[in-house]
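Novice: Single-letter residue listing:
Number of protein chains: 2
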Amino acid sequence: MTDKKRVTIIGSGNWGSAIARICAQNTIRHSDTFERDIRMWVFEEQIEGKNLTEIINEKHENVKYLPGINLGENVIAIPDAKEAAKDANILVFVLPHQFVYKVCGNLVDVISKDCVAISLIKGLDYRDNNLFLFSEEIERILNVPCAALSGANIASEVAEEQFGETTIACQDPKYGELFLKLFHTEYFDCNVIADQRGLQICGALKNVVALGAGMCDGLDYGNNTKAAVIRRGLIEMRKFGKTFFGGVRTETFFESCGVADLITTCSGGRNRKVSAAFIKSDKPIEEVEKEMLNGQKLQGTTTAQEVYAFLSARNMTGEFPLMTAIYKVVYERAPAETIARDLRTHKAIVEKE
Amino acid sequence: MTDKKRVTIIGSGNWGSAIARICAQNTIRHSDTFERDIRMWVFEEQIEGKNLTEIINEKHENVKYLPGINLGENVIAIPDAKEAAKDANILVFVLPHQFVYKVCGNLVDVISKDCVAISLIKGLDYRDNNLFLFSEEIERILNVPCAALSGANIASEVAEEQFGETTIACQDPKYGELFLKLFHTEYFDCNVIADQRGLQICGALKNVVALGAGMCDGLDYGNNTKAAVIRRGLIEMRKFGKTFFGGVRTETFFESCGVADLITTCSGGRNRKVSAAFIKSDKPIEEVEKEMLNGQKLQGTTTAQEVYAFLSARNMTGEFPLMTAIYKVVYERAPAETIARDLRTHKAIVEKE
Numbered sequence: 001m002t003d004k005k006r007v008t009i010i011g012s013g014n015w016g017s018a019i020a021r022i023c024a025q026n027t028i029r030h031s032d033t034f035e036r037d038i039r040m041w042v043f044e045e046q047i048e049g050k051n052l053t054e055i056i057n058e059k060h061e062n063v064k065y066l067p068g069i070n071l072g073e074n075v076i077a078i079p080d081a082k083e084a085a086k087d088a089n090i091l092v093f094v095l096p097h098q099f100v101y102k103v104c105g106n107l108v109d110v111i112s113k114d115c116v117a118i119s120l121i122k123g124l125d126y127r128d129n130n131l132f133l134f135s136e137e138i139e140r141i142l143n144v145p146c147a148a149l150s151g152a153n154i155a156s157e158v159a160e161e162q163f164g165e166t167t168i169a170c171q172d173p174k175y176g177e178l179f180l181k182l183f184h185t186e187y188f189d190c191n192v193i194a195d196q197r198g199l200q201i202c203g204a205l206k207n208v209v210a211l212g213a214g215m216c217d218g219l220d221y222g223n224n225t226k227a228a229v230i231r232r233g234l235i236e237m238r239k240f241g242k243t244f245f246g247g248v249r250t251e252t253f254f255e256s257c258g259v260a261d262l263i264t265t266c267s268g269g270r271n272r273k274v275s276a277a278f279i280k281s282d283k284p285i286e287e288v289e290k291e292m293l294n295g296q297k298l299q300g301t302t303t304a305q306e307v308y309a310f311l312s313a314r315n316m317t318g319e320f321p322l323m324t325a326i327y328k329v330v331y332e333r334a335p336a337e338t339i340a341r342d343l344r345t346h347k348a349i350v351e352k353e
Numbered sequence: 001m002t003d004k005k006r007v008t009i010i011g012s013g014n015w016g017s018a019i020a021r022i023c024a025q026n027t028i029r030h031s032d033t034f035e036r037d038i039r040m041w042v043f044e045e046q047i048e049g050k051n052l053t054e055i056i057n058e059k060h061e062n063v064k065y066l067p068g069i070n071l072g073e074n075v076i077a078i079p080d081a082k083e084a085a086k087d088a089n090i091l092v093f094v095l096p097h098q099f100v101y102k103v104c105g106n107l108v109d110v111i112s113k114d115c116v117a118i119s120l121i122k123g124l125d126y127r128d129n130n131l132f133l134f135s136e137e138i139e140r141i142l143n144v145p146c147a148a149l150s151g152a153n154i155a156s157e158v159a160e161e162q163f164g165e166t167t168i169a170c171q172d173p174k175y176g177e178l179f180l181k182l183f184h185t186e187y188f189d190c191n192v193i194a195d196q197r198g199l200q201i202c203g204a205l206k207n208v209v210a211l212g213a214g215m216c217d218g219l220d221y222g223n224n225t226k227a228a229v230i231r232r233g234l235i236e237m238r239k240f241g242k243t244f245f246g247g248v249r250t251e252t253f254f255e256s257c258g259v260a261d262l263i264t265t266c267s268g269g270r271n272r273k274v275s276a277a278f279i280k281s282d283k284p285i286e287e288v289e290k291e292m293l294n295g296q297k298l299q300g301t302t303t304a305q306e307v308y309a310f311l312s313a314r315n316m317t318g319e320f321p322l323m324t325a326i327y328k329v330v331y332e333r334a335p336a337e338t339i340a341r342d343l344r345t346h347k348a349i350v351e352k353e
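Chains Z and H supply the protein sequences, listed in that same order.
Numbering-wise, the first sequence is residues 1 to 353 according to full-length UniProt numbering.
Numbering-wise, the second sequence is residues 1 to 353 according to full-length UniProt numbering.
Note that these hints are calculated values from the structure, not bench results.
Among the hints, erroneous ones may be present.
[Said to hold, decoys possible] Below, a list of computed lysine-lysine pairs in the DSS-like style, where the Cα atoms sit at most 30 Å apart:
{"hint": "1", "chain 1": "Z", "residue 1": "Lys-273", "chain 2": "H", "residue 2": "Lys-273"}
{"hint": "2", "chain 1": "Z", "residue 1": "Lys-239", "chain 2": "H", "residue 2": "Lys-242"}
{"hint": "3", "chain 1": "H", "residue 1": "Lys-239", "chain 2": "Z", "residue 2": "Lys-242"}
{"hint": "4", "chain 1": "H", "residue 1": "Lys-239", "chain 2": "Z", "residue 2": "Lys-239"}
{"hint": "5", "chain 1": "Z", "residue 1": "Lys-50", "chain 2": "Z", "residue 2": "Lys-86"}
{"hint": "6", "chain 1": "Z", "residue 1": "Lys-181", "chain 2": "H", "residue 2": "Lys-181"}
{"hint": "7", "chain 1": "Z", "residue 1": "Lys-280", "chain 2": "Z", "residue 2": "Lys-5"}
{"hint": "8", "chain 1": "Z", "residue 1": "Lys-239", "chain 2": "Z", "residue 2": "Lys-59"}
{"hint": "9", "chain 1": "H", "residue 1": "Lys-174", "chain 2": "Z", "residue 2": "Lys-239"}
{"hint": "10", "chain 1": "Z", "residue 1": "Lys-122", "chain 2": "Z", "residue 2": "Lys-82"}
{"hint": "11", "chain 1": "Z", "residue 1": "Lys-174", "chain 2": "H", "residue 2": "Lys-273"}
{"hint": "12", "chain 1": "H", "residue 1": "Lys-113", "chain 2": "H", "residue 2": "Lys-50"}
{"hint": "13", "chain 1": "Z", "residue 1": "Lys-5", "chain 2": "Z", "residue 2": "Lys-239"}
{"hint": "14", "chain 1": "H", "residue 1": "Lys-181", "chain 2": "Z", "residue 2": "Lys-239"}
{"hint": "15", "chain 1": "H", "residue 1": "Lys-242", "chain 2": "H", "residue 2": "Lys-280"}
{"hint": "16", "chain 1": "H", "residue 1": "Lys-64", "chain 2": "H", "residue 2": "Lys-50"}
{"hint": "17", "chain 1": "H", "residue 1": "Lys-273", "chain 2": "H", "residue 2": "Lys-239"}
{"hint": "18", "chain 1": "H", "residue 1": "Lys-102", "chain 2": "H", "residue 2": "Lys-290"}
{"hint": "19", "chain 1": "Z", "residue 1": "Lys-113", "chain 2": "Z", "residue 2": "Lys-59"}
{"hint": "20", "chain 1": "H", "residue 1": "Lys-102", "chain 2": "H", "residue 2": "Lys-64"}
{"hint": "21", "chain 1": "H", "residue 1": "Lys-102", "chain 2": "H", "residue 2": "Lys-4"}
{"hint": "22", "chain 1": "Z", "residue 1": "Lys-86", "chain 2": "Z", "residue 2": "Lys-59"}
{"hint": "23", "chain 1": "Z", "residue 1": "Lys-242", "chain 2": "Z", "residue 2": "Lys-82"}
{"hint": "24", "chain 1": "Z", "residue 1": "Lys-242", "chain 2": "H", "residue 2": "Lys-242"}
{"hint": "25", "chain 1": "H", "residue 1": "Lys-283", "chain 2": "H", "residue 2": "Lys-273"}
{"hint": "26", "chain 1": "Z", "residue 1": "Lys-174", "chain 2": "Z", "residue 2": "Lys-122"}
{"hint": "27", "chain 1": "H", "residue 1": "Lys-297", "chain 2": "H", "residue 2": "Lys-283"}
[Said to hold, decoys possible] Label-pair restraints from in silico Cβ distances:
{"hint": "28", "chain 1": "H", "residue 1": "Arg-333", "chain 2": "Z", "residue 2": "Pro-173", "range": "53 to 61 Å"}
{"hint": "29", "chain 1": "Z", "residue 1": "Lys-280", "chain 2": "H", "residue 2": "Gly-318", "range": "22 to 30 Å"}
{"hint": "30", "chain 1": "H", "residue 1": "Asn-70", "chain 2": "Z", "residue 2": "Gly-247", "range": "35 to 43 Å"}
{"hint": "31", "chain 1": "H", "residue 1": "Glu-177", "chain 2": "Z", "residue 2": "Arg-341", "range": "47 to 55 Å"}
{"hint": "32", "chain 1": "Z", "residue 1": "Leu-180", "chain 2": "H", "residue 2": "Tyr-126", "range": "49 to 57 Å"}
{"hint": "33", "chain 1": "Z", "residue 1": "Glu-73", "chain 2": "H", "residue 2": "Gly-268", "range": "40 to 48 Å"}
{"hint": "34", "chain 1": "Z", "residue 1": "Leu-180", "chain 2": "H", "residue 2": "Glu-332", "range": "54 to 62 Å"}
{"hint": "35", "chain 1": "Z", "residue 1": "Gln-296", "chain 2": "H", "residue 2": "Thr-33", "range": "49 to 57 Å"}
{"hint": "36", "chain 1": "H", "residue 1": "Thr-243", "chain 2": "Z", "residue 2": "Lys-280", "range": "44 to 52 Å"}
{"hint": "37", "chain 1": "Z", "residue 1": "Phe-43", "chain 2": "H", "residue 2": "Gly-268", "range": "37 to 45 Å"}
{"hint": "38", "chain 1": "H", "residue 1": "Asn-294", "chain 2": "Z", "residue 2": "Gly-318", "range": "43 to 51 Å"}
{"hint": "39", "chain 1": "H", "residue 1": "Tyr-126", "chain 2": "Z", "residue 2": "Pro-173", "range": "36 to 44 Å"}
{"hint": "40", "chain 1": "H", "residue 1": "Arg-314", "chain 2": "Z", "residue 2": "Pro-173", "range": "29 to 37 Å"}
Cβ coordinates follow ideal geometry from the N, Cα and C atoms, glycine included.
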């Protein structure tokens, strides 16, 4: 046994593969800190009669989720999560949030005692009228410290080494430095902050705001209206964080995980696109989603429902007029114009620092 | 003489005409506060052999700068600035900044003693290695309090009564209420803040950032890179304000004049468009500007030069790597890739509250 850190990626989708590739570059670069090989848990699938893990290990390419990109020969695909995570010192969670509890629970017994985790999972967990952050859920289940990473990061662009930024949120500066070594590259500029909650709230709620931006596009509203919706969205994201989660800081919204990711999600992005098409159709959003996304899921609709239920349970929908209007247009088929009308009549309440 | 406020608009371009239209609606709505008629100073031009002022007064339309829009029969075009401003209680300055000093100086003797002003002028004034805000220049020249208005406001959309927001910055709450009455409508949602300096710095520097966003487009950079440039731009705008101007507040950057206007300017907008074309050409930017804008002027290039000169004089270009890179690409024909490369090597220094 050496002191070098063993890194395991839990997840192997589009973003998981791009992140594994970065980590694999950095374990080579910082060979004094990390074991060279990165283990990546891959949910096994058959591709033309062959196991996806075998293809990845032979071709060093995730042909299904990140085709055309060499991940590095030191990314080792493993179909069993426990085996992948055995004795791991660093766990990188990057999987759809519906799988978190099932996978995470299995790993408690196998990971190293000094293990630390980082969550790249999008969204929040809603149950018993409450919202939970996945970094805190992972901390609770595995009893390890868990950081979080989020930013304006389209996976394919990161994989192509186009310049971009991201944000890492981490309480303990010691781990902050470790994660910086693992993720920062010349083309993937990481900034470390301490506000995990604010970072994850941005990552979840931006998708709801993007539905609102898409409605503006679907209604052929102009730039002024769309800018107002995005700005009000940012204000409500911040207010939501500060009202319901302790420790959320205004500075977080200036990071890549905040305003930058919001801009990207509201100008491109599937939430915006599907929402724009939904407004022009008579179909429920789930149907438009199915037609346009080829099996992929919208994050924004689920989060819009969860946020609305959370606010309703607290009699606070009126304090978040944009989030409420978006929910009502999507799920109560309120007139789409509601979104601008409600902004006219409700002032966003700005939280003072 | 009544106690009702006489409103004069100094300027009659695209934005000036749209704003005159709003004021004309509000003087009717708040007839207890304002004189019904709005006087608008119009730089006289001949349109098909007829004076522009006469056309406006007959057709209630600025056929040259805001065609197709009825301004209201209570907007009175006047070719002489002194006559337009005679006994005015409220002066709205909305003219190209090169005319400010010439016009403003003429008005000292004619305005009412209790006159207040508001500046919608874009840009900063650079002289003697210093940058001046037009609201403060107007205060100095006219010896009246001067507020400022700026936001994500495309004039034609405001004129069409599409929903949008703007920001009014005003030290004295008494005048804040007055300006709210004059400018706020159901479709033009005004928020009053106290930070005139921050507001005007946003209005000027966003155009420089838009040049950077345009370079990303011209180089076919992806969304991650462009989002990083816009975010770094926002950070540098704030840092510039806080470093060189007292009283600039972080909250201002969450207003329509801040992040919302920046988003609009970096996604549409002529600075972005010309910069993208410039990057793909071998011509100086002035030539591209001339070809594309049909006589209209870019604000961002002038401001980029002024900001660079200002920073150079203080040996502080290194503290503002994005603004500096944009200047060098435009005026020293540095490789366009500089813009992303310099972001890789320089960390934006975040000002803590």
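Novice: None of the hints should be skipped; say for each whether it holds.
Specialist: Going down the list of hints, with the structure as the test:
1. Z:Lys-273 <-> H:Lys-273: Distance of about 23 Å is within 30 Å: holds.
2. Z:Lys-239 <-> H:Lys-242: 24 Å, holds
3. H:Lys-239 <-> Z:Lys-242: Since the Cα atoms of H:Lys-239 and Z:Lys-242 sit roughly 24 Å apart, the hinted pair holds (cutoff 30 Å).
4. H:Lys-239 <-> Z:Lys-239: OK: H:Lys-239 and Z:Lys-239 at ~24 Å, within 30 Å.
5. Z:Lys-50 <-> Z:Lys-86: 25 Å, holds
6. Z:Lys-181 <-> H:Lys-181: With a Cα-Cα distance of about 55 Å, the restraint between Z:Lys-181 and H:Lys-181 is violated, given a limit of 30 Å.
7. Z:Lys-280 <-> Z:Lys-5: Distance ~52 Å between Z:Lys-280 and Z:Lys-5 Cα, so the pair is violated.
8. Z:Lys-239 <-> Z:Lys-59: 47 Å, violated
9. H:Lys-174 <-> Z:Lys-239: Distance ~28 Å between H:Lys-174 and Z:Lys-239 Cα, so the pair holds.
10. Z:Lys-122 <-> Z:Lys-82: 23 Å, holds
11. Z:Lys-174 <-> H:Lys-273: Outside the cut-off at roughly 44 Å; violated.
12. H:Lys-113 <-> H:Lys-50: Distance ~36 Å between H:Lys-113 and H:Lys-50 Cα, so the pair is violated.
13. Z:Lys-5 <-> Z:Lys-239: 38 Å, violated
14. H:Lys-181 <-> Z:Lys-239: Judged against 30 Å, a Cα distance of about 28 Å means the pair holds.
15. H:Lys-242 <-> H:Lys-280: It is violated: about 35 Å lies between the C-alpha atoms, which goes past 30 Å.
16. H:Lys-64 <-> H:Lys-50: 12 Å, holds
17. H:Lys-273 <-> H:Lys-239: 26 Å, holds
18. H:Lys-102 <-> H:Lys-290: Measuring from Cα to Cα gives roughly 26 Å; hence the hint holds.
19. Z:Lys-113 <-> Z:Lys-59: 33 Å, violated
20. H:Lys-102 <-> H:Lys-64: 23 Å, holds
21. H:Lys-102 <-> H:Lys-4: 28 Å, holds
22. Z:Lys-86 <-> Z:Lys-59: At roughly 24 Å apart (the allowed maximum being 30 Å), Z:Lys-59 and Z:Lys-86 satisfy the hint.
23. Z:Lys-242 <-> Z:Lys-82: 37 Å, violated
24. Z:Lys-242 <-> H:Lys-242: It holds: about 24 Å lies between the C-alpha atoms, which stays within 30 Å.
25. H:Lys-283 <-> H:Lys-273: 15 Å, holds
26. Z:Lys-174 <-> Z:Lys-122: Roughly 25 Å separates the two Cα atoms, so the pair holds.
27. H:Lys-297 <-> H:Lys-283: At roughly 17 Å apart (the allowed maximum being 30 Å), H:Lys-283 and H:Lys-297 satisfy the hint.
28. H:Arg-333 <-> Z:Pro-173: 53 to 61 Å: 42 Å, violated
29. Z:Lys-280 <-> H:Gly-318: 22 to 30 Å: Violated, since Z:Lys-280 and H:Gly-318 (Cβ atoms, about 49 Å apart) do not stay within the stated range.
30. H:Asn-70 <-> Z:Gly-247: 35 to 43 Å: 53 Å Cβ-Cβ, so the 35 to 43 Å window is violated.
31. H:Glu-177 <-> Z:Arg-341: 47 to 55 Å: 25 Å, violated
32. Z:Leu-180 <-> H:Tyr-126: 49 to 57 Å: Once the Cβ atoms are compared, 39 Å apart, the range 49 to 57 Å for H:Tyr-126 and Z:Leu-180 is violated.
33. Z:Glu-73 <-> H:Gly-268: 40 to 48 Å: 45 Å, holds
34. Z:Leu-180 <-> H:Glu-332: 54 to 62 Å: 33 Å, violated
35. Z:Gln-296 <-> H:Thr-33: 49 to 57 Å: 55 Å, holds
36. H:Thr-243 <-> Z:Lys-280: 44 to 52 Å: 47 Å, holds
37. Z:Phe-43 <-> H:Gly-268: 37 to 45 Å: Holds, since Z:Phe-43 and H:Gly-268 (Cβ atoms, about 42 Å apart) stay within the stated range.
38. H:Asn-294 <-> Z:Gly-318: 43 to 51 Å: At roughly 48 Å between Cβ atoms, Z:Gly-318 and H:Asn-294 fall inside 43 to 51 Å, so the hint holds.
39. H:Tyr-126 <-> Z:Pro-173: 36 to 44 Å: 42 Å, holds
40. H:Arg-314 <-> Z:Pro-173: 29 to 37 Å: Distance hint for H:Arg-314, Z:Pro-173 holds at roughly 32 Å.
In terms of the numbered hints stated before, the structure departs from hints 6, 7, 8, 11, 12, 13, 15, 19, 23, 28, 29, 30, 31, 32 and 34, listed from lowest to highest.
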